[in-house]
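> Below are the chains, spelled out letter by letter.
Number of protein chains: 2
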Amino acid sequence: MRIIVDAMGSDACPAPDVEGAVLAAREYGDIEITLVGEQSALETELRKHNTLGLQIDILHSDSAVTMEDKPSEVLRTKPDSSMATGLNLVKEGRGDAFITAGNTGAVLAFATLQTLKRMEGVLRPTFPAVIPIPGGNFILADGGGNADCRPEWLVQFGVMCTAYARRVLKKPNPTVALLSNGEEEGKGNELIRKTAVLMEASPLHYIGNIEPKDALRGGADIVIADGLLGNVFLKTLESMATMMFDLLREQLKADTRSKIGGALARPAFRRVYMQVDPFEYGGAPLLGVNGVVIVGHGRSNAKAIKNAINQGRLAAENDILGAIREGMAAVNPTP
Amino acid sequence: MRIIVDAMGSDACPAPDVEGAVLAAREYGDIEITLVGEQSALETELRKHNTLGLQIDILHSDSAVTMEDKPSEVLRTKPDSSMATGLNLVKEGRGDAFITAGNTGAVLAFATLQTLKRMEGVLRPTFPAVIPIPGGNFILADGGGNADCRPEWLVQFGVMCTAYARRVLKKPNPTVALLSNGEEEGKGNELIRKTAVLMEASPLHYIGNIEPKDALRGGADIVIADGLLGNVFLKTLESMATMMFDLLREQLKADTRSKIGGALARPAFRRVYMQVDPFEYGGAPLLGVNGVVIVGHGRSNAKAIKNAINQGRLAAENDILGAIREGMAAVNPTP
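Chains as they are written, first to last, in my numbering: chain A, 18 to 352; chain B, 18 to 352.
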């Protein structure tokens, strides 16, 4: 199996991207890795590591997509980028999965419009987030790409996430819920009520509406929402956690007693942080295109890149695309 | 000025409700308070406090609304409740504001359908939340009553919250933003984009879209969203904060070192909690009905009830209803 890694993706590229690839090649002996990016920079970076016996090669690309690039323009302006080059390798069957910590909008544009394209029967690809919670995780889709959604799209998001949860996260019978302002049937907006009817009729393991507090307690393996609601939910979780850590840090510096207490309790804080560590899962899959794509956070470190590579490896090895195709056939009306 | 307090509202009623009224009567010498509820229970409770010189009287009511009562049924089943009785006093001009920590859905039903009714020109009343953040607060509307909204309703929510922010929270020129998945113009869903056009044309101090992280940093005085998005935002803030405090508490008990650190840092934790204390503002106003109504959380303690009474006092004293009427005239097309 060959994994294609965009080495020009992360904010601090290429260092974490290359190191993550080295760590992955060491840990998962069965994979070959192609790093795509500026040849000499990647060679310099690779020389910093012991790569003896690892199957890592480099494919040169002339340019790189930055976080500032507009997704609507990259197709035209950066066709020779590491991102486009890497996705093309997967499209041509010369790679089994593509990993990047680069500009999410640009990946979506290149993958859905230019290279891999939408899978047959998929109305909208989705870019879910895997959210760490104490003792586990849940998948949230849509993470933001599709602000306005139709009920059928949400059901398809459920199908694709179910395939991902089964094949990659090893949850044999994942539960699916609709994010809402109340658990009771009839709560939510019109979109949620219409989607619930379709969910009930689908083969998904649908368990009804879920409120934020129950989602955080692991009440469902898969939480479905339109991209606006899902994105605001996701960003609220992140920014509330950040705010709380910031407030704590500030107050633990306020006086000597707090400083001593804070120093003693540091391992406890560390354990709290580990339970909501955004880098634990490395990246999020782009589901609904003809290829395996995992997109990591721009702030990814080497560990996050390694974990993203592992997600891509598991997705390819366990034929996530076949699982999605099967799931789609069960919910889409035969033409 | 006379404030009507539903003494059968809070989860632990009537103790915190009565004590809150006593505290308020003591602190704000200019108010008279009528406690509505079960006469003998309230007399017993009042006798526990020194009420010398305070203007507090009791109005008996035969029943009380509970948290389990369905809002759709209370109009029929509990017309003699402390809630209905209290609202009627305000309707008849025998009280200037009504305060309750009772069943929110029931207050909405009694106030909008049976007693005070919608103000002329108001399309939908709204029940915003005042959210404490470090160094201040912001108002979020809609808090949940109106899951599906139209653009004109959202603009009206902005108008009513602007009046409340000016007259009660003493913010002379409050900024209004739309909660969204990105700051840039064009982000958000169709509702947000349509509302933005109306906001731009309104006399509101509209500043565009706002993301959760900037809302938490105090980026806008008033954050507007449909009731589904607003409610999920609100509940996510609450449940993430709760989860973080729970995780901390758990980890600070894990070993001796953490226990000592935690004990020393307790005042620092307390200061963090104070900055996001949900009881600081006591309650949330029901805006858009013909009367001042403040609804507190069911878990309100005496301090929260006292603060809710103060909010009602300020709203009545500063003619919030007049301010809303004026604001409405400026955004509603003349018939």
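Hint data in this document are derived by calculation from the structure and do not stem from the laboratory.
There's no promise every hint is true.
[Stated by the list, open to error] With a cut-off of at most 20 Å between alpha-carbon atoms, the simulated DMTMM-like pairs for lysine to aspartate or glutamate come out as follows:
hint: 1; chain 1: A; residue 1: Lys204; chain 2: B; residue 2: Glu36
hint: 2; chain 1: B; residue 1: Lys230; chain 2: A; residue 2: Glu267
hint: 3; chain 1: B; residue 1: Lys211; chain 2: A; residue 2: Asp165
hint: 4; chain 1: B; residue 1: Lys276; chain 2: A; residue 2: Glu44
[Claimed, not checked] Counterexamples of contact, computed for chain B against chain A with all Cβ distances above 12 Å:
hint: 5; residue: Glu90
hint: 6; residue: Arg141
hint: 7; residue: Gly162
hint: 8; residue: Pro189
hint: 9; residue: Ser197
hint: 10; residue: Asn206
hint: 11; residue: Glu228
hint: 12; residue: Lys230
hint: 13; residue: Lys252
hint: 14; residue: Thr253
hint: 15; residue: Ala271
hint: 16; residue: Ser275
hint: 17; residue: Gln292
hint: 18; residue: Ala347
These numbers come from a predicted model, not from an experiment.
Where is the CB? At the ideal position from N, CA and C, for every residue including glycine.
> A cut-off of 12 Å on Cβ-Cβ distance, and Arg141 of chain B was said to be off the interface with chain A. Does that hold?
With a cut-off of 12 Å, Arg141 of chain B remains clear of chain A, as the shortest Cβ separation is near 14 Å.
> Is it correct that the beta-carbon of Glu90 of chain B has no partner in chain A closer than or equal to 12 Å?
Its Cβ never comes within 12 Å of chain A, the nearest being 15 Å, so this holds.
> Minimum C-beta separation from Ala271 of chain B to chain A exceeding 12 Å: can you confirm that?
violated (6 Å)
> Take a quick look at whether Lys204 of chain A and Glu36 of chain B sit within 20 Å of each other, Cα to Cα.
Judged against 20 Å, a Cα distance of about 35 Å means the pair is violated.
> Verify that the Cβ of Asn206 of chain B lies farther than 12 Å from every Cβ atom of chain A, and report whether the claim holds or is violated.
For Asn206 of chain B, whose nearest Cβ neighbour in chain A is about 4 Å away, the distance does not exceed 12 Å, so it is violated.
> Closest CB-CB distance from Glu228 of chain B to chain A, is it above 12 Å?
violated (6 Å)
> Looking at Lys252 of chain B again, its CB stays over 12 Å from all of chain A?
Not fine: 4 Å to the nearest Cβ puts Lys252 of chain B too close to chain A.
> Once the closest CB in chain A is found, is it more than 12 Å from Pro189 of chain B?
holds (27 Å)
> According to the definition I'm using, a residue is off the interface if its beta carbon is farther than 12 Å from all beta carbons of the partner; does Ser197 of chain B meet that for chain A?
Per Cβ check, Ser197 of chain B is inside 12 Å of chain A; nearest 7 Å; violated.
> Over 12 Å to the closest beta carbon of chain A is the bar; see if Gln292 of chain B clears it.
The assertion about Gln292 of chain B is violated, with a minimum of 6 Å to chain A.
> Taking the minimum C-beta separation from Lys230 of chain B to chain A, is that value above 12 Å?
For Lys230 of chain B, whose nearest Cβ neighbour in chain A is about 4 Å away, the distance does not exceed 12 Å, so it is violated.
> Would the least Cβ to Cβ distance between Ser275 of chain B and chain A come out above 12 Å?
At roughly 4 Å from the nearest Cβ of chain A, Ser275 of chain B sits no farther out than 12 Å, so the non-interface label is violated.
Violated hints for the displayed structure, listed by number in ascending order: 1, 4, 7, 9, 10, 11, 12, 13, 14, 15, 16 and 17.
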